[in-house]
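Following the hints, complete the assembly by docking chain G onto the known chain S.
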Amino acid sequence: RASMAASSCRGVRSILWKYGSCGKNFCVSRSKTVPQLPVRHICVSSALWKKNLAAAGPQKFTLEFINKQVEEFEIGKRHLANMMGEDPETFTQEDIDRSIAYLFPSGLFEKRARPVMKHPEEIFPKQTAVQWDAEGRPFHFLFYTGQQSYYSLLLLTGSRWLLKEEIEEYLVENISDHDYMRMIQLMEKLLSMPYCSLEEEFILKFRKQLEVQSSKHEIPALQYDPQGVTFSVADGRRKTAKASITLRDSGSGNITINGRNYLHYFPLLQDREQLMFPLHFVGMLGRFDVEGSVEGSGHSAQAGALRLAISRALLSFVSEGEVEKMRQAGLLTADPRIKERKKPGQEGARKKFTWKKR
Amino acid sequence: MAAGVLSGVRQVLRGPRLVSAVFSCHGQTLSSASAAVKSAPDTAATEKILNFPLTQPDYFHLSELFTMKDLFEARVHLGHKKGCRHSLMEPYLFGSRLDIDIIDLEQTAEHLQRALNFTAHVAYRGGIILFVSRRRQFGQLIETTARECGEYAHTRYWKGGLLTNAPVQYSPGVRLPDLIVFFSTLNNVFQQHVGIRDAAKMNIPTVGIVDSNCNPSLIAYPVPGNDDTPVAMEMYCRLFKMTINRAKDKRRQMELLKGISASV
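Quick note, the sequences are listed as chains S and G, same order.
According to the UniProt record's numbering, the first sequence is numbered sequentially starting from 1.
According to the UniProt record's numbering, the second sequence is numbered sequentially starting from 1.
In isolation and in its complexed conformation, chain S is listed as follows (with noise of 0.2 Å):
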């Protein structure tokens, strides 16, 4: 049969199905013998036939299968022991080695050769849990999304894991940072398993929720000193000026900078004014006593530092609907302007070099 198809065709097979009987006759489409019944051409290609062995990987044995090995090698164990008259109660795998030795001697030099009966757990490879039972029902309710693991645990969303200085403060240790990645690495790891929602404790211990982003601003604590004179310390930025604030209370408006009187330190009205208006504002102009100290940048980006950084001290003289006042003023937020970089091809960070027409 299979050299009189290879004569007609190449490599494809026309196989006729009626009820098992293979006529020599492939050109034949309908049968007289039963014609109530359509016979139907399957063409099948050689190349169909085999297996494609790359594709198969490595082989696969069902827990079924490796159970029933167990068992056989439970019973294989008491019979040995029996043979070998010793108590099949107490026979370890020592002994099983030593039996077969002794049963099956073996010359062959390679050790992997000789004859051994070991526990199936040892002999065939392990595989990854089959995610179904018997009928073939899926455990997880959420198997058919394909990320079980990560769609149940809702909880990731909203938290992220842990700096490595807080990690640090949970260990009580200091670790590198190349331990600290690969800490993060084995986590996700652990999360793409598919029972990891059975670890779900463990691992949210490492997480840490992130709060929600809303404008909450960080009040500076109240300090007393030892006269019992309230003062709070702010800090405040602008371009790369940095300045420092100390804002006593009960005081009588005094404003002294890097050791000098502001007047001093800031000829200029603007700057000066920058300086009152956080004050102006919340209308307590004569009350406070304000000492700071500032570097760094221009004359207008150290005034406008320290009007952050008053601004953000009086936050915690002033009231919630003060607060809110003052963060619609903008008094509270901190300029993000800083100096343009210059750009190749041009003079400066916008202005462009002459342009000639020819």
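There may be inaccurate statements among the hints.
[What the hints assert, rightly or not] Calculated lysine-lysine pairs in the DSBU-like style (CA-CA distance at most 30 Å, straight line):
no. : chain 1 : residue 1 : chain 2 : residue 2
1   : S       : Lys126    : G       : Lys159
2   : G       : Lys159    : G       : Lys241
3   : G       : Lys241    : S       : Lys60
4   : S       : Lys164    : S       : Lys126
[Unchecked claim] Some chain S residues judged to face chain G by a derived CB distance under 8 Å, without partners named:
no. : residue
5   : Gly136
6   : Arg137
7   : Pro138
8   : Phe139
9   : Leu142
10  : Phe143
11  : Tyr144
12  : Thr145
13  : Gly146
14  : Tyr151
15  : Cys196
16  : Glu199
[Said to hold, decoys possible] Quick list of the computed label-pair ranges, beta carbon to beta carbon:
no. : chain 1 : residue 1 : chain 2 : residue 2 : range
17  : S       : Ala349    : G       : Leu218    : 55 to 63 Å
18  : S       : Gln93     : G       : Tyr157    : 31 to 39 Å
19  : G       : Arg197    : S       : Gln131    : 20 to 28 Å
20  : S       : Met83     : G       : Thr144    : 40 to 48 Å
21  : S       : Ile184    : G       : Gln56     : 27 to 35 Å
22  : G       : Thr144    : S       : Arg207    : 20 to 28 Å
Hints listed in this document are in silico derivations from the structure and should not be mistaken for laboratory results.
Every residue gets a Cβ at the ideal spot worked out from N, C-alpha and C, and that includes glycine.
Relative to the frame of chain S, chain G by itself:
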């Protein structure tokens, strides 16, 4: 015996044609000759369990689960605006009032009865049912419904080859769902859900709640109804949950009865 029955059931799920196959399956699991003789009445009883419900029009008495008044009160009759109407949904519409399409509840009741009956039979025969919806509003509800029935849900982003490329997406030898229930046939960009086309390609029957802007053509058991209101969705979830639980309980009952009669 139970193991033999279960493995027999899995094969018989596809159709009642495998007397010889069931025999051979029993031949492997039960080695003694006497056990082989016992398997003959076993198969007959299994066949009866599986075939008898198919002869009845409403074996699970699902018509008592809902009335047309319930559907009306759950606002199932409210469709979308006239401009959103899909031309293939016109036969299911009662009419339109103030530009809003009203779905014909008589037809809906009929279709819903058919769909629930089919779901019940699938659940009775131990089939896998997958609930699908891409509406984020009701995702949580559908997942809890699936969990309570003991079935499966997929209310997330549908990856490409989940049904058509299943051995690669999951593992080789995975079992695909035997029924897919769409609580809303559209995805978040108002296009038809990919699962409908994929299920049709893989010969998996579908039950779908089609609203007046959906395409009912590829769905095996369409149920024209509202898919936007929470009340309507809760009602559908409740109905499907009750059908599936009923069918499974009935099946367990029949197995027990068979066990009792076989031992007697």
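Min Cβ distance, Gly146(S) to chain G: is it shorter than 8 Å? holds (5 Å)
Within 20 to 28 Å or not, the Cβ separation of Thr144(G) and Arg207(S)? holds (24 Å)
Between Lys164(S) and Lys126(S), is the straight-line Cα distance small enough, at 30 Å or below? violated (35 Å)
Double-check Cys196(S) for me: the hint is only fine if its C-beta lies closer than 8 Å to a C-beta in chain G. Nearest chain G Cβ about 17 Å off; hint violated.
Regarding the hint that Phe143(S) lies at the interface with chain G, is the smallest CB-CB distance below 8 Å? holds (6 Å)
Agreement of Lys159(G) and Lys241(G) with the hint, judged by alpha carbon distance not exceeding 30 Å: Answer holds: Lys159(G) to Lys241(G) is near 26 Å, not above 30 Å.
Hint check: is the beta carbon of Tyr151(S) less than 8 Å from a beta carbon of chain G? holds (6 Å)
Given Glu199(S) as an interface hint, is the shortest Cβ-Cβ distance to chain G below 8 Å? Since chain G brings no Cβ nearer than about 20 Å to Glu199(S), farther than 8 Å, the hint is violated.
In this structure, is the beta-carbon distance linking Gln93(S) and Tyr157(G) contained in 31 to 39 Å? violated (50 Å)
Evaluation of the interface hint that places Leu142(S) against chain G, nearest CB under 8 Å: Interface hint status for Leu142(S): holds (7 Å vs cutoff 8 Å).
Assuming the hint says 20 to 28 Å, is it satisfied by the Cβ distance from Arg197(G) to Gln131(S) or not? holds (26 Å)
Determine whether the Cβ-Cβ distance between Ile184(S) and Gln56(G) falls within the hinted range of 27 to 35 Å. violated (59 Å)
Checked against the numbered hints above, the structure violates hints 3, 4, 8, 15, 16, 18, 20, 21; every other hint is satisfied.
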